[in-house]
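> In order, the protein sequence lines correspond to chains A and B. This note's numbering puts the first residue of the first sequence at 9, with every later residue one more than the last. This note's numbering puts the first residue of the second sequence at 48, with every later residue one more than the last.
Some hints here could point you the wrong way.
Claimed, not checked - Only some residues are given here: those of chain B computed to face chain A with a beta carbon under 8 Å:
{"no.": "1", "residue": "HIS373"}
{"no.": "2", "residue": "ARG376"}
{"no.": "3", "residue": "THR380"}
{"no.": "4", "residue": "GLY384"}
{"no.": "5", "residue": "ASP400"}
{"no.": "6", "residue": "HIS402"}
{"no.": "7", "residue": "THR404"}
{"no.": "8", "residue": "GLN407"}
{"no.": "9", "residue": "PRO494"}
{"no.": "10", "residue": "GLY496"}
Read the hints as simulated data drawn from the structure, not as lab findings. Using N, Cα and C, we set each Cβ at its ideal position, and we do this for glycine too.
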Amino acid sequence: MTGTDRLRVLIADNDQAVLDLLLLDLRLEGHEVVASALNGENALELYDKHHPDVVVVDYRLGPGINGVEVARRLQVAPARVVLFTNYITSDVITDATAAGAAVIEKGNLNALRRAISG
Amino acid sequence: MTRRRDLVIAVIAALIVVVLVASVVTAVQSAERNGRKALEDLQLAQLQQLSRVLDGAFGPALTSKVGLTNPSTRQPWTFNPGDATDRAGLEVLQNAQPTARTGYLLVNPEGVVTNGTLLTNPATVGQKLDRPGLDGVLKGKPAVLVVSDKSLTTPLPTIAIARPIQAGTGGPVAGAILQESDVAADSAFTKLITVFRRAQTDEYSFIDNTGVVVSSTNPAIVGTKADDVLRDTTAGFHRHGDTVTATTPIPSVGWTAVFRQRTNEFEGDLTGPLRSALLLLIVVTALGAGLTFFVLLSRLRASRREQKRLADLNDTREEFISIVSHELRTPATGQLGFLQTLLDHWNELSDEDRHKTVTQAYANARRLHALSRDVLDTASIEAGELPYAFEVVDLVTAAENAVHALPAPDRELVISGPDQPIAARADPERIQQVLTNVLDNAIKNSPSGSEIDIVIGTRDNEALVEVSDRGLGLTDDELGRTFEKFSRGRHTGVSGTGLGLYICKMIVTAHGGQIWAERREGGGATIGFTLPLVSAGSTDGQSSEPVTVER
């Protein structure tokens with residue numbers, strides 16, 4: 009399951025346990041997690057700093073902007089955005105898709121790995 | 048739907064009330080009309096009866112033969128002015144009516160007075176009698192002459208019963224005999240009709256064909272020209288402003304009998320009870336309508352309350368489903384993720400990483416278990432099916448167990464309590480759950496690395512537990528909602544179903560204790576609760592355990 013290319017990934021989630029999991033799994037998948045953020049604003053700052061290939065972001069990020077808004081603001085950026093969330097509704101899917109982001113359910117790690125590798 | 052139905056019912060009820068009131072008013076009005084008509088008819092009939100009686104009295108007087116010849120001589124009148132035999136004949140007639148205040152006159156065919164009794168001025172004999180209607184009498188037609196103030200036998204105005212005297216039936220008129228009758232408030236006739244009066248304002252009057260009041264129960268108008276109302280001589284019943292009149296002719300004398308009374312007095316006896324009945328009916332109807340309205344309004348309100356309650360219940364259910372499904376997903380998907388990583392990368396992982404990953408999967412599994420237990424417990428509590436097995440529980444030990452069971456809390460948990468056990472009567476499983484939930488709440492609402500105090504003791508003969516954090520504390524709103532279902536702290540990143548403290552409250556209350564939230568001095572919040580203390584040397588409730596608990 010090791011990815012063909014080593015990608016630079018930014019992860020954003022307000023749940024530390026999820027960040028721990030992604031950090032571990034994406035490293036084992038052969039990617040480099042360049043930064044992890046606990047909220048949306050922080051994710052955008054870290055993006056500007058690291059310019060990763062992929063941004064994995066939860067929909068719900070606590071107070072501040074949500075994951076779809078992060079995707080929207082990164083729409084013109086070259087990075088691929090993956091919305092990795094438990095909060096899957098038709099509205100979220102529509103908005104995320106319109107912002108050019110893929111939507112992956114949190115329970116499906118295999119799907120996330122595929123979405124990151126493109 | 049219910050509102051529309053209620054509205055329809057209200058409109059129908061209002062219509063029924065309106066129709067009822069309208070029909071009652073119509074019925075009363077109709078009864079009033081009928082009653083009034085009956086009164087009018089009765090009054091008119093009475094007046095007509097009176098007129099007929101008068102007619103019956105005047106008729107014979109006009110056609111009477113008495114006095115057509117000299118009663119003294121039994122010969123025809125001589126009509127010689129001042130004739131002694133004529134005079135004696137008139138005296139006979141006069142003496143037949145000893146109380147009369149007026150007298151008799153004889154006039155010749157030229158209308159000249161030839162003799163008379165009770166003459167106020169003897170010089171009038173030989174003078175022509177100036178009395179309207181006399182001409183007709185002298186042409187052979189008997190009549191009651193209209194009121195005149197040129198009476199010869201009294202200073203008062205009089206009418207006069209005048210009869211022609213003819214030599215043989217249909218022969219030439221030899222003269223006339225007149226009997227004057229005074230028109231005055233105290234005349235015999237006026238006194239006679241006074242007995243018909245029954246009220247304050249009723250009035251019987253007789254008017255001759257020139258409009259002069261011949262007689263009246265109202266003394267002020269006798270002998271005067273009748274006013275417009277009285278002169279409305281059309282036979283029948285009339286209404287003039289605030290008075291009613293009944294008019295009927297007395298044909299034999301060409302008079303008019305008039306009854307007059309104030310309308311309110313005339314109808315008073317009739318319309319009074321009817322109006323009272325109408326008022327009563329209106330009051331009763333209004334009360335009925337008010338009552339109906341009130342009942343409908345209460346029904347409407349109750350129905351709206353019920354609708355709101357159902358809507359609230361529905362909202363609560365939806366919120367419950369939304370929160371629960373999302374909150375349950377988080378540990379479920381977390382667990383899946385860690386296990387999948389573990390499976391996919393088992394060989395690449397160090398022992399330490401494997402241990403860490405399994406630990407995190409375990410933590411998620413525990414979280415999932417706790418949440419699902421909260422959800423199921425809430426359902427059981429609300430169904431009244433949460434079972435309790437009461438024993439004697441040492442709260443200090445229970446608190447220690449709860450602290451040890453918390454996975455890496457990242458807080459400094461400090462238990463302070465007495466050396467001896469605090470023995471409470473409680474279900475150990477449930478108290479463990481309460482302690483865990485309260486500690487979980489404190490951890491979630493306080494910053495990493497901060498201290499959480501757990502103080503155990505007694506107060507007012509009850510076991511007391513207080514858990515204080517150093518978080519953001521509670522707003523007034525939060526203080527009021529802490530133990531409500533789905534109530535969650537505003538602290539950044541605080542998640543959960545919002546059921547934990549709600550369950551705590553239910554469990555503590557079921558134990559007979561109390562639970563509360565308050566602000567901690569110096570910042571943060573304190574959740575405290577009490578439980579019944581088991582006093583030394585006694586056994587309590589269903590428990591047969593010894594009071595002393597091993598530590």
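> Run every hint past the structure and note whether it holds.
Here is how each hint holds up against the structure:
A least Cβ separation of about 6 Å between HIS373/B and chain A falls short of the 8 Å threshold, and the interface hint therefore holds. Below 8 Å, beta-carbon pairs count as interface contacts, and ARG376/B has one with chain A at about 4 Å; its hint therefore holds. Proximity of THR380/B to chain A holds as hinted, the smallest CB-CB distance being about 4 Å (cut-off 8 Å). Hint status for GLY384/B relative to chain A: holds, with the closest Cβ pair at about 5 Å, below 8 Å.
Hint on ASP400/B holds. Least Cβ distance to chain A is approximately 7 Å, under the 8 Å limit. At a threshold of 8 Å, the smallest CB-CB gap from HIS402/B to chain A is about 12 Å, leaving the interface hint violated. The beta carbon of THR404/B comes within 7 Å of a beta carbon in chain A, closer than 8 Å, and the hint placing it at the interface holds. Using the Cβ-Cβ criterion of 8 Å, the hint placing GLN407/B at the interface with chain A is satisfied: the shortest such distance is roughly 6 Å.
The closest approach between the C-beta of PRO494/B and any C-beta of chain A is roughly 14 Å, which is over the 8 Å cut-off, so the hint fails. Checking GLY496/B against chain A: minimum C-beta separation of about 14 Å lies over 8 Å; hint violated.
Checked against the numbered hints above, the structure breaks hints 6, 9, 10 and satisfies the rest.
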